[in-house]
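Number of protein chains: 2
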Amino acid sequence: MNITRESITVAHDRIRSYVHRTPVLTSTSINEIAGCSIFFKCENFQKVGAFKARGAMNASLKLSKEQLAKGIATHSSGNHAQALARAGKILGVKSYIVMPRTAPEIKKRGVRGYGGEIFECEPTLESREATLAEVVKRTGATEIHPFNNYDVIEGQATCAKELLEEAGPLDVVVGPVGGGGLLSGTALAIKYFSPTTEVVAGEPSGSDDAFRSMKSGKIEPAQSQTIADGLLTTLGDKTFPVIYEHVKEIITVSDEEIIAAMRLIWERLKIIVEPSCAVPLAAVLKDKSKFSGKHVGIILSGGNVDLEKVGKFFEGK
Amino acid sequence: MNITRESITVAHDRIRSYVHRTPVLTSTSINEIAGCSIFFKCENFQKVGAFKARGAMNASLKLSKEQLAKGIATHSSGNHAQALARAGKILGVKSYIVMPRTAPEIKKRGVRGYGGEIFECEPTLESREATLAEVVKRTGATEIHPFNNYDVIEGQATCAKELLEEAGPLDVVVGPVGGGGLLSGTALAIKYFSPTTEVVAGEPSGSDDAFRSMKSGKIEPAQSQTIADGLLTTLGDKTFPVIYEHVKEIITVSDEEIIAAMRLIWERLKIIVEPSCAVPLAAVLKDKSKFSGKHVGIILSGGNVDLEKVGKFFEGK
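Chains as they are written, first to last, in the working numbering: chain A, 1 to 317; chain B, 1 to 317.
Take the hints with a grain of salt, since some may be wrong.
Given that identical chains are not distinguished, each listed pair holds provided it fits within a single copy or across any two copies.
[As the list claims (entries may be wrong)] As a list, the in silico DSBU-like pairs of lysine-lysine whose alpha-carbon atoms are at most 35 Å apart:
#, residue 1, residue 2
1, Lys108, Lys309
2, Lys89, Lys290
3, Lys309, Lys288
4, Lys312, Lys286
5, Lys108, Lys290
6, Lys137, Lys288
7, Lys294, Lys89
8, Lys294, Lys108
9, Lys70, Lys286
10, Lys248, Lys290
Please keep in mind that the hints were generated in silico from the structure rather than gathered at the bench. Because the structure is a prediction, the values reported are computed rather than measured.
Let's have the full structure, built from the sequences with the hints guiding it.
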């Protein structure tokens, strides 16, 4: 792993013209409820609607001409799929995207919109990996993994770098954790650019493999019982060591708590975030004493949600 | 009517420290769909979640100490209610808000949160006016009408002024029309600050009184069949003459078209807008040839929506 202060700065320059510098929002009423000063880094406004645009762009831009000529490939149920298809379109190369047939239609539409070629598979990790291996073998494309890839991690690190630049000194930064690409990138950016800031993660209790991995010291398997469908994946062998070393704590939250936090963001910030994206705020609200009076950066990871499902989230709440 | 270029500038300075200078957003994908360059002025991010904060604040700040001592009062089903209660809180005076008992709970909560005293009435204009007259008689408070008030209109004009400052030259500005406070203020700001820009309005076809009033040359009564519940009111004798003189055209749109536009804003801009707020974009999409290739400013008027109802809007679409 050779992600350094310098390499994150170079990555930031590398992707700058291809991604948004997303705004940082604050809300007086959320601060009152939370009892701390929260700075929301709005990656829901990012290209493709999620921070994934950063890592996919950085990793693609680092490939050689020869590699690019054969295309880029990945398996992803969602935002990384669109991000990689978009990178392919920008760079003028083919993108091959393996997606579970159960992936949200909005995300499949997004991939097709960027000219990505979709290969549907069963919604299991085995089927995803087998299908991708076949595609890669046939095309010679380079696989760019959604999170277990140092160039992707380096790209995601640029998000926390911007947050620090916008919000000023922060006591703690809270992000979500699924596969750990964003969280490990965030932890590295904080380590290099603001070493006294703590990094904490929120995780759905229905998929608390990162929480358990931090306890056991090894990668634990994931369950998959949460509405935060972007956070179902297990940590990888490249993300886990970074997280184990640099993340102070993982706070788990229930689906009820995630929905309440998502509602607060929709109603008070007037922005659309997906359930996974509300997990860090849910963590802060669950453990208020820990954050009391502090300056807290929260990374809002994405805003891609099937609006048909939204009514169900809020019904009777 | 003595709203001038100078008075709008003074009003802007008067309210500046009490309201947000809201951002102007753009979306490549919406521009592609619409066939023009749209600059969205995001008053859904405004204090109280709507442009109404501007007019209520301006009108309240223009009252004398003696007037303020007796409080401020209004009838409103929604955003103006919260805006006036907030102005009362900021100025340390009582606010008396007459609201139909059917008004959304989120808006009543907002009023109470600002310390406003709510008087419930029947959901008819007669009941609203009678209840307000009684409250004003008893308390001596000054009525600040939601739209048929020159100081309110002058305050709403500051929104289009900011849009011009942010977006640069615009060929046309499109706003919604209900009672006409925002639209008449917008028309006056454009007249003074960018006289070559056209002003167009979108109106729900289920409540097309402004459209019919423009044809007949007199104020026509409203119907009330639309999901755009912020636009049910009829033009007033102070707003209509300004609109009649300065607004080029009113385009009517169906509830279906409003929901489709609202969905586009939620999905592409990742921001929460209320149905009324989507009416101008619906108008642009309905009449694309009229806006083709132009620089179009759209005022997104507010973001206060009952999330319980949202699922129904999008179900099966």
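Handout entry: Intra/inter-copy verdict for Lys294 and Lys108 if alpha-carbon distance must be at most 35 Å
Key = Between copies only: 31 Å across chains, 40 Å inside a chain, cut-off 35 Å.
Exercise for the section: Could you place Lys294 and Lys89 in one of the four classes (within, between, both, neither) given a Cα distance threshold of 35 Å? Expected result: Classified as between; 27 Å across copies, 42 Å inside a copy.
Exercise for the section: If the cutoff is 35 Å on CA atoms, where do Lys309 and Lys288 land: within, between, both or neither? Let me know, please. Expected result: Answer is both; intra-copy 29 Å and inter-copy 31 Å each pass.
Practice task
Could you figure out if Lys108 and Lys290 sit no more than 35 Å apart (CA to CA) within one copy, between two copies, both or neither?
Solution key: Between copies only: 33 Å across chains, 40 Å inside a chain, cut-off 35 Å.
Handout entry: Homomeric proximity label, Lys248 with Lys290: Cα distance no greater than 35 Å
Key = within (12 Å within a copy, 57 Å between copies)
Handout entry: Homomeric proximity label, Lys108 with Lys309: Cα distance no greater than 35 Å
Key = both (16 Å within a copy, 27 Å between copies)
Practice task
Up to 35 Å between alpha-carbons, please classify Lys70 paired with Lys286: within, between, both or neither.
Solution key: neither (48 Å within a copy, 43 Å between copies)
Handout entry: 35 Å Cα threshold - placement of Lys290 relative to Lys89
Key = between (44 Å within a copy, 31 Å between copies)
Exercise for the section: Tell me, please, which holds for Lys137 and Lys288 at an alpha-carbon limit of 35 Å: within, between, both or neither? Expected result: Neither, since 50 Å and 47 Å both go past 35 Å.
Exercise for the section: Can you give me the call for Lys312 and Lys286, within, between, both or neither, at a CA distance of at most 35 Å? Expected result: This pair counts as both: shortest intra-copy Cα distance 23 Å, inter-copy 30 Å.
Violated hints, in rising order: 6 and 9; the structure is consistent with all others.
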